[in-house]
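**Student:** Protein chains in written order, with the numbering used here: chain A, 1 to 358; chain B, 359 to 886.
Since the hints were derived computationally from the structure, they do not count as laboratory data. Worth double-checking, as some hints may not be accurate.
In silico EDC-like links for lysine to aspartate or glutamate, alpha-carbon gap of 16 Å or less [as the list claims (entries may be wrong)]:
no.	chain 1	residue 1	chain 2	residue 2
1	B	K563	B	E550
2	B	K429	B	D395
3	A	K233	B	D716
4	A	K173	A	D325
5	B	K644	B	D686
6	A	K233	B	E724
Next come the chains, spelled out residue by residue.
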Amino acid sequence: MREIRQLVKVNSLLRRLFVIVPQALAVVTALIATAFVLYLMGRNPWEIYYIMLFGSFGDIYSLGATLTQATPIIFTGLGFMVAFRSGLFNVGLEGQLYLGAFAAAYVGFTLTFLPPVLHIITAIFAGALVGGLWALIAIIPKIKTGAHEVITGLMLTYVAILLTSYLVNYPFKASGWAPYSPFIAESAQLPRILPPTQLSFGWILAIIFAGFVHVLLNRTTIGYEIRVVGINKEAAVSAGININRTMILAFTLSGCMSGMGGAIEVLGVHRRFIDLFSPGYGWDGIAVGLLGNLNPIGAIFAALLLGALRAGGSSVQMITGLPLDIVTMVQGIIILFIAAPMLYRSFIKKIGENRYDD
Amino acid sequence: MNLQVDEPKPTPDTSLVQPVVVMRGITKRFPGVIANDNIDLSIYKGEVLGLLGENGAGKTVLMSILAGIHKPDSGEIYIKGKKVVINNPATAIRHGIGMVHQHFMLIKELTVLENIILGYEPRSRGRLFVDFQSAREKVKQLQEKYKLYVNLDEILAKLPIGLQQRVEILKVLYRGADILILDEPTAVLTPEEVGNLFEIMKSFKQAGKAVIFITHKIREAIQICDRITVLRRGKVVGSLNVNVATPDALAEMMIGKRFISETIQRGITTKTPLLKISEVDVYNEKRVKVLSNVNLDVFSGEILGLAGVEGNGQTELVEVIIGLRKPDKGAVFVDGVNVTNMSISKRFELGFSYIPGDRHNALVQELSIMENILLGKHNNPPFSKRFFINKDILKAHSEMLVKEYNIRATNIYTLVKNLSGGNQQRIILARELSKNPQIILVVNPSRGLDIAATNFVHSKLIEMRNKGCAILLVSADLDEILNISDRIAFIYEGKIVTVRDSNVLKREEIGLLMSGIENEGNTTTREG
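So that you can see chain A by itself, here it is in the shape it has in the complex (with noise of 0.2 Å):
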């Protein structure tokens, strides 16, 4: 049967407009959520949240935290979104990122010779690359043999973890008690721009690079070989596209894109590598990938959005003690939501698209 789908017509910016509502919605539901939940636990809601807001953007101390955290997660976000893109998706992410960073720490306290700028695109070049290979290391099994890249990712996440804890531990320990490395060189430093946060440098190299994936994704054959895999084999096949090479691609570039965040987290912030250093940078990059409606430029904002619910949930720890868990909880139901679109769409779709059969 022929099945014609009638849609409204919508003017291109209101239909735009729609794609965000979905997202919209799930951070409208989540905040509401939490509310109750504060509700419950005896608490005033709108004080956390204000305290939450201002802890985030009151000041230019909340807003260098807030753009520090959304840093690194603009970096994994965009990388989930690349392979997602290829139809792929990477939940290697978190141990790309903790191998990347440790690169990065690795050229910057060894290749001290190095020049300051050209110091600093090697490390971030090193982690990119070892990010990558990673994330190779992941798909490969996946083309080969079939094996689901979320089983190989997740495994190799605990593998690199691990590895760059026994690294930190053991052969790279800096003198002292804690299990950090040797600071990098000043050269390899990524400025602070808004002294005295953390602010660094990465945060506008962020930016830079969400703008870099969009056209990689918009303007070049790769993007487009990568977009048309990921919505339909078929047609990619009888294209002539290889689908296991772009795939491979992708997946790797993903890769990349998480090492380069952790490379800029460690350049720009901590100026070493610390055992353990990341909250879920890698997970929250799944989360900035979807709230970001697999969009680069909106992957910008869902980090700025998740950077924010971090420093302002610092603050209403530590002014309120209420635990920072309660951002955790916030983000699980955005994500919760998110990931059941479903809904959302067929309630959408109700209200704007009918389909008749002929």
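Given the coordinates of chain A, work out where chain B should sit on it, guided by the hints.
**Tutor:** Chain B in isolation, oriented as in the chain A frame:
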């Protein structure tokens, strides 16, 4: 058919009886479209009513309203004289209305019997258990009565489409339908199966049931129907008794202007084949031999039609030619060059164009018209240079093709999924034929298209042939093959039965050739 020529009213013995179904003033709107516009329709006991119209004429919507799938915006339905409101399929079934959909509503993993009784299982022992015994008996009786034989214990997925359709019909009968709606039932059948189906429809008629036959095939409508109602753009154009209905008149009613089937000039061909398939053997995933010793030559400047019932190796042959599948034996040559181990993209560079049978394999539904036109050309200049897509050139190219191929859409940024099947097919043709191909591999190009769109597709293919392309047309639609092919190859169980010039082919032979019987010696008669 027991037609009484002089009767003014439908069938003789029912003319005095009131109609079993009367639909009055049925209107159904969908956003932007009036699918049914104030339609009146009567259906009598013991007749086959043809509902004829092009795709999108509103036939299926009208019958879906009767079957309780859609609700009309306005209008009334009377069954056996009583006004009824049909809100859902269950109500329709209670009123004796059963619809056999074009897409079967069957569960592949269940047996035939389980499928038939699904939802209406007789119970035994305190309603806990399904009484398969009595169900089987009831179904057996129906099978005897209407000669609808099919093994009740077979898993549905193992049955050919023609038998699956029987299961669907049995299901409707089992639920007690005496008003049967068949939605394009012949679309999936072989000519032989169509004959069987028509016999079954006649037996329904004799049993006093009312049968509604939805179709867009004029010849079939005339062959089986007692009365034919033609719909166009959601309105009834008119109803004709079959004894006064001529193909010409019906075609005119359907498309609104006189439909001229053009006579086709034969193309001029060369001596050496541009595409040569040589001794190809293919075993499928289950290690069954699906192609054996296939030899085919396609010359530049001709359309070679590959006729055959679906599932006789056509899919595999196409996959071998385009490079989606490696043959177990044999080779494919393009202009004398062995391309058997070449990648698909390399073959495209040699001048292949491929129009797959399933539009979903050729289009990315979630991308725009422009981005679909880019598909397969995206690595070629001038559309891209060093990884960067040249949007300006692509835009101009897309706009030109949209105009040339008369693709109806708001603009080139419209997503393909929002377009009708005909427009989608036009996009594929626009893309593939604008590559300046040497060899065109085309599968079921007019499937699901209305007459106007089909004519367009055919004229484009003929135009490409006249430009010197070698075209291999694989189609399940025999009319299509007969209409535009210069030569016709028949494939049966993975073997080429024979290759004939289409102008010397007799219609009576075709059925035999399609079932693998080649009686005479006058095989391939290509004059150089």
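**Student:** Please work out if K644 of chain B and D686 of chain B have their alpha carbons no farther apart than 16 Å.
**Tutor:** This hinted pair holds, its Cα atoms lying about 14 Å apart.
**Student:** Straight-line Cα separation of K233 of chain A and D716 of chain B no greater than 16 Å?
**Tutor:** Roughly 13 Å between the alpha carbons, so the hint for K233 of chain A and D716 of chain B holds.
**Student:** So if I understand the rule, the pair passes when the alpha-carbon distance is 16 Å or less; does K233 of chain A with E724 of chain B pass?
**Tutor:** 13 Å, holds
**Student:** Does K173 of chain A pair with D325 of chain A here, judged by a C-alpha cut-off of 16 Å?
**Tutor:** Roughly 31 Å between the alpha carbons, so the hint for K173 of chain A and D325 of chain A is violated.
**Student:** If you draw a straight line from the CA of K563 of chain B to the CA of E550 of chain B, is it 16 Å or shorter?
**Tutor:** 20 Å, violated
**Student:** Next pair to validate is K429 of chain B with D395 of chain B; report whether the Cα-Cα distance is within 16 Å.
**Tutor:** 14 Å, holds
Of the numbered hints given earlier, the model fails hints 1, 4; all others are met.
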